[in-house]
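Below are the chains, spelled out letter by letter.
Number of protein chains: 2
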Amino acid sequence: MNVVAAPDIVVAELGGKARAAARRLAEATTEAKSRALREAAAALRAAEAAILQANAGDLADAQDMGPARVDRLRLTPARVEAMAAAVEAVAGLPDPVGEVIARWTRPNGLVIERVRIPIGVVGIVYESRPNVTADAAALCLMSGNAAILRPGSESFRSAQAIHRAFVGGLAAAGLPAEAVQLLPSADRALVGALLRAEGAIDLVVPRGGRSLVERVQREARVPVLGHLEGLCHTYIDQAADLAMASDVVFNAKMRRTGICGATETLLVDRAIAHRVGPILGRLLDAGCELRVTPDLLPLDPRLKPARPEDWDTEYLDAILSVATVDGVEGAIAHIAAHGSGHTDAIITEDAATAERFLARVDSAIVMWNASTQFADGGEFGFGAEIGIATGRLHARGPVALEGLTTYKYVVRGSGQVRPG
Amino acid sequence: MNVVAAPDIVVAELGGKARAAARRLAEATTEAKSRALREAAAALRAAEAAILQANAGDLADAQDMGPARVDRLRLTPARVEAMAAAVEAVAGLPDPVGEVIARWTRPNGLVIERVRIPIGVVGIVYESRPNVTADAAALCLMSGNAAILRPGSESFRSAQAIHRAFVGGLAAAGLPAEAVQLLPSADRALVGALLRAEGAIDLVVPRGGRSLVERVQREARVPVLGHLEGLCHTYIDQAADLAMASDVVFNAKMRRTGICGATETLLVDRAIAHRVGPILGRLLDAGCELRVTPDLLPLDPRLKPARPEDWDTEYLDAILSVATVDGVEGAIAHIAAHGSGHTDAIITEDAATAERFLARVDSAIVMWNASTQFADGGEFGFGAEIGIATGRLHARGPVALEGLTTYKYVVRGSGQVRPG
Numbered sequence: 121m122n123v124v125a126a127p128d129i130v131v132a133e134l135g136g137k138a139r140a141a142a143r144r145l146a147e148a149t150t151e152a153k154s155r156a157l158r159e160a161a162a163a164l165r166a167a168e169a170a171i172l173q174a175n176a177g178d179l180a181d182a183q184d185m186g187p188a189r190v191d192r193l194r195l196t197p198a199r200v201e202a203m204a205a206a207v208e209a210v211a212g213l214p215d216p217v218g219e220v221i222a223r224w225t226r227p228n229g230l231v232i233e234r235v236r237i238p239i240g241v242v243g244i245v246y247e248s249r250p251n252v253t254a255d256a257a258a259l260c261l262m263s264g265n266a267a268i269l270r271p272g273s274e275s276f277r278s279a280q281a282i283h284r285a286f287v288g289g290l291a292a293a294g295l296p297a298e299a300v301q302l303l304p305s306a307d308r309a310l311v312g313a314l315l316r317a318e319g320a321i322d323l324v325v326p327r328g329g330r331s332l333v334e335r336v337q338r339e340a341r342v343p344v345l346g347h348l349e350g351l352c353h354t355y356i357d358q359a360a361d362l363a364m365a366s367d368v369v370f371n372a373k374m375r376r377t378g379i380c381g382a383t384e385t386l387l388v389d390r391a392i393a394h395r396v397g398p399i400l401g402r403l404l405d406a407g408c409e410l411r412v413t414p415d416l417l418p419l420d421p422r423l424k425p426a427r428p429e430d431w432d433t434e435y436l437d438a439i440l441s442v443a444t445v446d447g448v449e450g451a452i453a454h455i456a457a458h459g460s461g462h463t464d465a466i467i468t469e470d471a472a473t474a475e476r477f478l479a480r481v482d483s484a485i486v487m488w489n490a491s492t493q494f495a496d497g498g499e500f501g502f503g504a505e506i507g508i509a510t511g512r513l514h515a516r517g518p519v520a521l522e523g524l525t526t527y528k529y530v531v532r533g534s535g536q537v538r539p540g
Numbered sequence: 121m122n123v124v125a126a127p128d129i130v131v132a133e134l135g136g137k138a139r140a141a142a143r144r145l146a147e148a149t150t151e152a153k154s155r156a157l158r159e160a161a162a163a164l165r166a167a168e169a170a171i172l173q174a175n176a177g178d179l180a181d182a183q184d185m186g187p188a189r190v191d192r193l194r195l196t197p198a199r200v201e202a203m204a205a206a207v208e209a210v211a212g213l214p215d216p217v218g219e220v221i222a223r224w225t226r227p228n229g230l231v232i233e234r235v236r237i238p239i240g241v242v243g244i245v246y247e248s249r250p251n252v253t254a255d256a257a258a259l260c261l262m263s264g265n266a267a268i269l270r271p272g273s274e275s276f277r278s279a280q281a282i283h284r285a286f287v288g289g290l291a292a293a294g295l296p297a298e299a300v301q302l303l304p305s306a307d308r309a310l311v312g313a314l315l316r317a318e319g320a321i322d323l324v325v326p327r328g329g330r331s332l333v334e335r336v337q338r339e340a341r342v343p344v345l346g347h348l349e350g351l352c353h354t355y356i357d358q359a360a361d362l363a364m365a366s367d368v369v370f371n372a373k374m375r376r377t378g379i380c381g382a383t384e385t386l387l388v389d390r391a392i393a394h395r396v397g398p399i400l401g402r403l404l405d406a407g408c409e410l411r412v413t414p415d416l417l418p419l420d421p422r423l424k425p426a427r428p429e430d431w432d433t434e435y436l437d438a439i440l441s442v443a444t445v446d447g448v449e450g451a452i453a454h455i456a457a458h459g460s461g462h463t464d465a466i467i468t469e470d471a472a473t474a475e476r477f478l479a480r481v482d483s484a485i486v487m488w489n490a491s492t493q494f495a496d497g498g499e500f501g502f503g504a505e506i507g508i509a510t511g512r513l514h515a516r517g518p519v520a521l522e523g524l525t526t527y528k529y530v531v532r533g534s535g536q537v538r539p540g
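So the protein sequences, as listed, match chains X and C.
My numbering runs 120 ahead of the 1-based position in the first sequence.
My numbering runs 120 ahead of the 1-based position in the second sequence.
Calculated directly from the structure, the hints in this document are not laboratory data.
The hints are all genuine.
In silico negatives: residues of chain X with every beta carbon more than 10 Å from chain C:
id : residue
1  : Ile129
2  : Ala132
3  : Ala169
4  : Arg422
5  : Glu434
6  : Asp470
Covered stretches of chain X, going by a simulated chain C footprint (3 or more residues, C-beta under 8 Å):
id : stretch
7  : 226-234
8  : 473-482
9  : 499-507
10 : 521-535
Predicted model only: the values in this text are computed from it and were never measured.
Cβ atoms here follow ideal geometry from the backbone N, Cα and C, with glycine treated the same way.
In isolation and in its complexed conformation, chain X is listed as follows (with noise of 0.2 Å):
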């Protein structure tokens, strides 16, 4: 990897070329974020042997990564087709920029209006997934802010060759290159310097593990969207639909197990606790390894007993922690002990019971019926996602493009002089 000589000085310039090209991209119509983004999709297209061959490169060197990382990293004709069509999807999305949020008149005859404006400069640092810098890119450029892309130093090769094609893209579309900017090497001193350059970078998003995660929030001097963990809780209330809450269990810890959104504990209703048997014994079936309280262990031979530490552990894997609650205040409370304010759920057939949960648990999404797999920017309708965020300001949840935009007020008058 280059090290780079003078990290601040590297970053600050990139984010004045950033600024400058913002101001533009602020100003850029619809037709020609789109137009941009199609052209980058048709040049990924193009561009398809040349970014397998560095993706070939970074795989190369990749030998002492885990499968599943290696996994991650790897590239297919067919992905990189997923990729450009996904840039195509997000040209297609409605342009958030310009929209008129609210508008009111004053007794002074003041019109104010709340307007929809691109955030700015926008720092993404990533790890293994080539396709984020595809993502993170069109999301940025569809919503008017100019991207710095830190790849991880693994995928930095698949990054480039992918970069290459937004850069014509955003030639042939009139739009200035460096609306999208890659850091020129994978050196952790240039992520140092993003993350201390207030007023260069207005946001920056991290995507990828915990410890990742944990050190931009450490280290950053710059607002951070992002989350740390995804700790999701499902809870079997006593008037579940116990074979719903089956279907629903199973998806929302199997489909995928190292997403964000899978459940990572079960809570189960005390009244119901001997009733569950065939919903943990079907997960059993699959493989998945359960840690349950004491009371739950003589359901099933195969179930273990969870420690203190399994009520705080994201797996993101094939294994379950089950705890007995005392009904919905049970649940509520566990999960405010415990939770990661990402996504948590009842299985319920009693509304007011729903309700309670829904209302009181402080979590950026909460479901009803429903897995918590769907904790997703496309499957909530919004075509994408940068991220999902669980603090709680300024977006929650699923960030695509309008969690990537802020407002300013636009006050038209006629001469109007404040009294008093």
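Add chain C to chain X, keeping to what the hints say.
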């Protein structure tokens, strides 16, 4: 001042009580919150003598402060009544909590709602004006947030007396007293602990001078909403109605010179520089010092030459810097180089020029043919404000009840599982 031995422990304890209170406040009815505020207003009126006595104690210690600060600190029967009336006004505002901001149904039948909720625990760090205690407490309470107040050391006794009235109001409405807490002393170490209290404090709002806000922004590990300064501009375009320009500029500078929405720099289109003599003369006649670019000096012998630092100075006084610029593009460039992102205005009869200015000036508030002194939550129709935000995320411009909320997604299903 009391020095606190273990500031982090003190803040953690206050924060824990605030969190518990915030959970109860989040579920409180509009009626309960309104009643608490009306009771607090009544308690403020009933405690007028005690509040004035506490204030007299603060004033006795404030001999070294300048007259402007002493005036900000001073309470009178009329000011206590105004404080009570403001609390009652907030009690009558629409409750933002629970508002369904958006609602849609997915093809699979999931019904998704974005619902407004309180942020949680809000810290307010402020200086000498005792009414901030009442305003901030009222806005936080009505928006369902627990407040931890840290008044300036010079107003601490006044703040304690006002706080007691709030505690009485909360009790009368059956809400937890810990919903509005005061730090136990003005010890600066407690502010540091508050700013470090990640997880316990969800948001800090600094209200005060530049040095206070800079300290909060520098030290905070928790999110901050505020503004460093209001370096507001008014631009007189060649197509301006000069009589309107004279009235608007005079008001924008001279109505109150010490507020953040006061215009600090006047920009004049070079094409009409020879015609603004009367506008400048009116300001000079009113005792305003004018620091101008060399080309304007011949207009009036009382004009002084501007130094380079004048373009970056927030005077908060009867001083105005005046620069000629090359049309609206020159004005936009000057504001981009020297503005603080607060409020900037154009005076013109040309709608196309106005719209270019409104679109391209990247401030929280942009105005056409109106005084920058309208930058105020009350003037916007928000009833009150906790401050004016110039950052780019979460809330910008005047921040009131809505800016003190966030949202969550509530998803209601009928057993949906995610395919694929």
